[in-house]
Amino acid sequence: MARIIVADDEPTHLELVSTILERAGHEVVAVTDGKACLNRLQDGDIDLVVTDVFMPALDGFQLMAAIRDRNTHLPVIGMTGGMRGHVIPFTDIMARLGARSVLTKPFSREELLAAVQSAMGDAGEA
1 MARIIVADDE PTHLELVSTI LERAGHEVVA VTDGKACLNR LQDGDIDLVV
51 TDVFMPALDG FQLMAAIRDR NTHLPVIGMT GGMRGHVIPF TDIMARLGAR
101 SVLTKPFSRE ELLAAVQSAM GDAGEA
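In the UniProt record's numbering, the protein residues as written are 1 to 126.
Everything labelled a hint here was simulated from the structure, so no lab data went into it.
C-beta: ideal position from N, C-alpha, C; glycine also.
Incorrect hints may have been included.
What the hints assert, rightly or not - Pairwise CB distance ranges, derived in the manner of DEER restraints:
1. G121 <-> E27: 16 to 26 angstroms
2. A24 <-> K105: 10 to 20 angstroms
3. L16 <-> Q117: 17 to 27 angstroms
4. A24 <-> P106: 16 to 26 angstroms
5. E22 <-> P89: 29 to 39 angstroms
6. M1 <-> E111: 10 to 20 angstroms
7. D69 <-> R109: 31 to 41 angstroms
8. D45 <-> P89: 26 to 36 angstroms
Generate the whole structure from the sequences, applying the supplied hints.
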């Protein structure tokens, strides 16, 4: 299965997403901000990034731009709870930055796993 970085500053959500992915057979590296994610990506052994949009140190938008500057083929899935009335613009921005999909919190286990499967399938075709 895939080696996936999950980046989210909300501990409960980070643990939930990580657990879902681990139970599906993936290896998960959990980090609490975009800067830690970018640092971990330097090892070069990651297949997919699942990132929140709003985080300290480096937010999801900045992280997406940095990933695209370094590796245009690494698939990224965005996650956002957004702010009431602003979720759609946030998902549009992430999509324009190259996210394979953007999940709106709360999302189901099935939605997460389908997004991962789709992103990994797309990555195999790249």
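Going through the earlier hints one by one, which of them does the structure break, listed in rising order?
Every hint satisfied by this model.
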